[in-house]
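Protein sequence lines, in the order shown, are assigned to chains X, L, B and E. Residue 6 in the working numbering sits at position 6 of the first sequence; the count goes up by one each step and never skips. Residue 92 in the working numbering sits at position 92 of the second sequence; the count goes up by one each step and never skips. Residue 3 in the working numbering sits at position 3 of the third sequence; the count goes up by one each step and never skips. Residue 71 in the working numbering sits at position 71 of the fourth sequence; the count goes up by one each step and never skips.
In short, the hints are calculated from the structure, not lab data. Check each hint, because a few of them may be wrong.
Given that identical chains are not distinguished, each listed pair holds provided it fits within a single copy or across any two copies.
Claimed, not checked - In the DSS-like style, the derived pairs of lysine-lysine whose C-alpha atoms are separated by at most 30 Å in a straight line are:
| id | residue 1 | residue 2 |
| --- | --- | --- |
| 1 | 23 | 2 |
| 2 | 95 | 2 |
| 3 | 95 | 128 |
| 4 | 31 | 2 |
| 5 | 23 | 128 |
| 6 | 126 | 31 |
| 7 | 95 | 126 |
| 8 | 128 | 107 |
| 9 | 23 | 95 |
| 10 | 31 | 128 |
| 11 | 31 | 107 |
None of these values were measured; they are calculated from a predicted model.
4 protein chains.
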Amino acid sequence: MKSVDSTFEERVRASFAQQALMKTIGASMTKVSPGEVVIELAFREDLTQQHGFVHAGVITAIVDSACGYAALSLMPPDSGVLTVEYKANFVSPAKGERFIATGRVVKPGRTLTVCSGDVLAVDEGKEKIVATMLATMMRLSV
Amino acid sequence: MKSVDSTFEERVRASFAQQALMKTIGASMTKVSPGEVVIELAFREDLTQQHGFVHAGVITAIVDSACGYAALSLMPPDSGVLTVEYKANFVSPAKGERFIATGRVVKPGRTLTVCSGDVLAVDEGKEKIVATMLATMMRLSV
Amino acid sequence: MKSVDSTFEERVRASFAQQALMKTIGASMTKVSPGEVVIELAFREDLTQQHGFVHAGVITAIVDSACGYAALSLMPPDSGVLTVEYKANFVSPAKGERFIATGRVVKPGRTLTVCSGDVLAVDEGKEKIVATMLATMMRLSV
Amino acid sequence: MKSVDSTFEERVRASFAQQALMKTIGASMTKVSPGEVVIELAFREDLTQQHGFVHAGVITAIVDSACGYAALSLMPPDSGVLTVEYKANFVSPAKGERFIATGRVVKPGRTLTVCSGDVLAVDEGKEKIVATMLATMMRLSV
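Just chain X, with the same shape it has in the complex (with noise of 0.2 Å):
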């Protein structure tokens, strides 16, 4: 995919940035491409629900984010994003050392853009999907 100019990984990075949550999980944005956005998280015993497993909330929350700035990323620069909404399954257990969310752009739209996004976790080295997300994400002007 195209962005519409070559401000967009400055754009996304400055508003991931401003992410308070982001920082309070620990979770580092590690790649910024036209249309797809990859954000990263270490496993903390803080995070996790009953099972020991970090919580579904907070597994959602890095692909929400990677999703939104994916769609953000072909945005022009006047742009703001929101979440419309989104739908997330989960497939395994939240169990690893490290957990890798992806954010890829579907259909972008002038309003709306659609995003599916994953959730890889790395645990003793081998990576198995743990959750799969399908999004809609809205342009703000700002």
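Starting from the structure of chain X, add chains L, B and E where the hints point.
Just chains L, B and E now, with coordinates in the frame of chain X:
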């Protein structure tokens, strides 16, 4: 709705107490009845997204837990609960002093339970819906 | 909820009359109020899936139309409506003589309206929920 | 992906042949491989919504069946399949001569299988995505 025995509240609260994420974000369980659970969260700057509202992932986390425990409240004593999938719509910015997530069982089942949930923001004393969820929960034998 | 003018029912019924699929499957609109629409369908063998129940796609079609028209009923006269996305859970087999789909507006908006819907089966005189939907509808200027 | 035995195509096609709705709308199954199934539909006026495009419910029906049979193709011989839930985004109007729905298994499971699907429209020889789905299917012992 009717729980199978009188231990449902104790079982739900014991499991919730083990969700480390809920402590990390400062969420508390304020109501447990058969088929309905309420979880509340105070606004905190370190849970926000780029516009200063609470991140969709955090809103999702509390209503996911509320839905999961609403499902668990109707299950037999030897049960655990797992989120199969959910879909959430974000209908207003998560702006306010406090957020009230309610999860309700729509259809209990032996293996799968369908729940709906919503999150209200309390902003200067007024309540406003910020999100609505439809979720599928799965019973585990433990 | 409140419609913007008194023509809402006429506008909704006129648009429904143009949905050729609804005629094809034999669905009829039985109630139109501001923010809530009911569509009913009689069981027909030619609408079934492999187990003899009504196909999920047909159940989805009637509750999608009910949700879309619930949204349209609150929009100004020069509006059309389009389904952005939906999610549906199928909680019991679609077995019965008749199916009643109700769509309700959860949150109206200038561009996007969020609706919820459900489908009841009437089987030997008893009502049973077969599906529940959460949907996003979009206003078009026409 | 790998099917458990060589009868998967026969089993999938036999079950599809019993979906009366697919005959009613004129859909045909054009490809069955392990974990992936394609269903095609020709445009027909009697399947449209109010703007003359194919109704979202019909688009959903073909991609739901494609996803369900993709799941069934990986299940043991004594299995039936049921749709637990799905979410679909409609990214362009369903306009064209022909529609191609592909269902793919994302994660097979003993009880639950997660699938994704999409529908392409063929319009004057060009393909365009009209819908994308994320679905949960359940195995039944038959």
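Outcome of the hint check:
Taking the closest pair of Cα atoms, residue 23 and residue 2 come within 30 Å of each other only inside a single copy of the chain (29 Å); across copies the shortest separation is 42 Å, beyond that limit. Taking the shortest alpha-carbon separations for residue 95 and residue 2, only the inter-copy value of 26 Å comes in at or below 30 Å, while the best intra-copy value is 35 Å. In the homo-oligomer, the alpha carbons of residue 95 and residue 128 lie at most 30 Å apart inside one protomer (9 Å), although the nearest pairing across protomers, at 36 Å, exceeds that limit. Taking the shortest alpha-carbon separations for residue 31 and residue 2, only the intra-copy value of 16 Å comes in at or below 30 Å, while the best inter-copy value is 33 Å.
Taking the shortest alpha-carbon separations for residue 23 and residue 128, both the intra-copy value of 25 Å and the inter-copy value of 28 Å come in at or below 30 Å. For the homomeric pair residue 126 and residue 31, the shortest alpha-carbon distance inside one copy (20 Å) is at most 30 Å, but the shortest distance between copies (33 Å) is not. Proximity of residue 95 to residue 126 under the C-alpha cut-off of 30 Å is restricted to the intra-copy arrangement: shortest distance 11 Å within a copy versus 40 Å between copies. Taking CA atoms no more than 30 Å apart as the test, residue 128 paired with residue 107 passes in both settings, with 26 Å inside one copy and 10 Å between copies.
Taking the closest pair of Cα atoms, residue 23 and residue 95 come within 30 Å of each other both inside a single copy (21 Å) and across two copies (20 Å). Taking identical chains as interchangeable, the C-alpha atoms of residue 31 and residue 128 lie at most 30 Å apart whether they share a chain (19 Å) or sit on different chains (28 Å). Proximity of residue 31 to residue 107 under the C-alpha cut-off of 30 Å is found in both arrangements, the shortest distances being 20 Å within a copy and 25 Å between copies.
Checked against the numbered hints above, the structure breaks none of them.
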